[in-house]
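Enquirer: Residues per chain are reported as follows:
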Amino acid sequence: MVEVELRYAYYPGCASQEMTKEANETTRLVCQRLGIALHDMPKANCCGAGLLTDYDYQLYLALNARIFAEAEAMEMDIMTICSTCLMVMSTANRDLKADPKLLEKTNEILSTAGLRYNGTINVKQLLWVLAGDYGLDNLKKKVVKPLNWIKAAPFYGCHSLRPSDALGFDDPEKPWSLDAVIAALGGEAVQYKGKTKCCGFQVDLVAPETAEKMTAVRLLDGKEKGANAFVTPCPFCHINLDNYQGLAEKRVSQKISMPVFHLSQLVGLALGLTAEEMGLSRHLVSPEKILK
Amino acid sequence: MKIKFKIRRYNPVDTEASEPYIQAYMCEVPEGMTVLEALLKIADEQDPTLSFRKSCRSAICGSCAVSINGFSKLACNTQVIPEFKKAGEMLIEPLANHTPLKDLIVDFVPFWRKMEKVSPYLTPAEGESAPAVTPEDEERVDRSQRCIMCGCCNAECNSLAIDENFIAPAALAKAWRIVGDVREGNARRRLHRLSEEHGMWDCVRCVHCTQYCPKDVAPLKAIEELRSSAMKEGITDNPGAKHVEAMRDSVERFGRLDEAAMTFKTLGFLRSLGMIPFGLRMEKHGKLPRPHIFAQIEELDEVKKIYEESERRAKEEKRELASRKKGW
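Residue numbers (this note's numbering), protein chains in the order written: chain F, 282 to 573; chain G, 1278 to 1605.
Be a bit skeptical, because a hint or two may be false.
A few chain G residues that face chain F, going by a derived Cβ cut-off under 8 Å, partial list only [to be verified]:
#1 F1348
#2 H1485
#3 T1543
#4 L1557
#5 M1559
#6 E1576
#7 K1582
I should point out that these hints are in silico values taken from the structure, not numbers from a laboratory. Note that beta-carbon positions come from the ideal geometry of N, C-alpha and C, so glycine has one too.
Pulled out of the complex, with its shape left as it was, chain F reads as follows (with noise of 0.2 Å):
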């Protein structure tokens, strides 16, 4: 058991709303089976996916304030289930933490929506919950199927580790939440050098070329290393890797086949639940054929 009891504000972020659903119905499931309470944040506006910086930074850091000032009336700090809303959230936070006069000046505009952000709100993603506050001897204890069948290519990303002045859970250029995290499942963490790299996704629609072929070096370069799956805490590398590999493939003429998990699905499996709850489905590369 728990000794504290574990709650946050819940920010599955817009992708796992519409796109990637099932990061976002199976974390739910995951929790429940842990003990980890979400709180639902019906009010939280996208954090801009990193697309608002670009346009207006101070229209940014007052969006992502919103987002902070409801988790604050909620009295939780947030969660989330992607590593792009967290590195966003967590950039602005840092900015609004470290510099008392960005933050009065973007509580002014906030104020004109009878809003205030204080500062006390941590942002943390599903992976640093289960590796720290939950911590893996817990996790390990819930285990009924031990995953002796994966061998996972964990595929950090980029926004769980960078900008690291901003993040500070895991080590960017050593990272180790995800890898113990498959381990404590029962599985084998494959280790390969695309692991702290990007998938492309912010270029899919810029320069299809770029994105298209960085998916496709990062899926061989795990294969290579013996890997039967991929692990992602974010559901944008989830994207590129599995719905987005049909056309990596074609891009560099080469049959990849690649199941692709969300974090989620891995710890559920783990936990015994089955591979319909876990929305296995609605993957393009089907996982089925390593399963067991």
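Starting from the known structure of chain F, fit chain G onto it as the hints suggest.
Expert: Showing chain G alone in chain F's frame:
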């Protein structure tokens, strides 16, 4: 502490070394010794043919950037023992994304070519005098002035690794140094050029450049500044800017990202048509995003007010700057 240095070597004019290979050297490393000091010691005591660039030894000249255990760093401000303890080994290689010339020395010509492409000097507008630079003006470009051209950011750039024509973070940080300067007279024209293919919109936001810059230049921040400057100038006739516009509109209307509309608005009608076969495959797995006509957040009104106020402020700032320029 005796540490084994594994160094990637290469010498195109020596037939035996014309393919890169790893050579190991044992080196006695006292507490506090830097990687550069160790390289100098190895060259001095064991192998005078070992080649690497160096000059100031104080993280000012930017000559000694190399890859240390897979990440780009200045050899002169990286200590051996903490690095070794963390990685469990000491692997020194030439900077990634650069062509090795000999051992750890890489070809910097492509780096300078990219730098030249952004014309890294101020060009005042004809017949117009420049406004005085205030401390706030200076602060906007301050970080981008710290660049020592070491190449760490380009070596780490994930986009450059795939597309060698990408303009890459070092030149983009320099471009912001110029575009963000109130005295610059051709910012608009520069932003147009930076919006072309292989330009600033091809950055994948992997944050490696900012993470590994030894001088805290934060090239990604510079790229964001350039992009938002282009947006404010109305330079939006390209997929990158259209993507941002689609996001801005989607969040303002629904409070959330509308994936269907984002794709359509970024690609335009014709390119969206080309996505139909792929879309059908996604639909089979229930992955095709639905438009957010009814899905919106609670208290959306607050978001609209935040937009209004931010935009009012942005306009005010623009007017202020224009009147300052006029006043001179």
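Enquirer: Compare the structure with each hint and give your call.
Expert: Hints, verified against the model:
At its closest, the beta carbon of F1348/G sits 6 Å from a beta carbon of chain F; the interface hint therefore holds under the 8 Å criterion. Checking H1485/G against chain F: minimum C-beta separation of about 7 Å stays under 8 Å; hint holds. About 4 Å separates the beta-carbon of T1543/G from the nearest beta-carbon of chain F, less than 8 Å, and the hint is met. Interface hint at L1557/G: violated, since its Cβ lies 12 Å from the closest Cβ of chain F, which is beyond the 8 Å cut-off.
Given hint, M1559/G at the interface with chain F, holds; its Cβ is 6 Å from that chain's nearest Cβ, closer than 8 Å. At a threshold of 8 Å, the smallest CB-CB gap from E1576/G to chain F is about 5 Å, leaving the interface hint in force. Against a cut-off of 8 Å between C-beta atoms, the interface hint on K1582/G holds, since the closest Cβ of chain F lies about 4 Å away.
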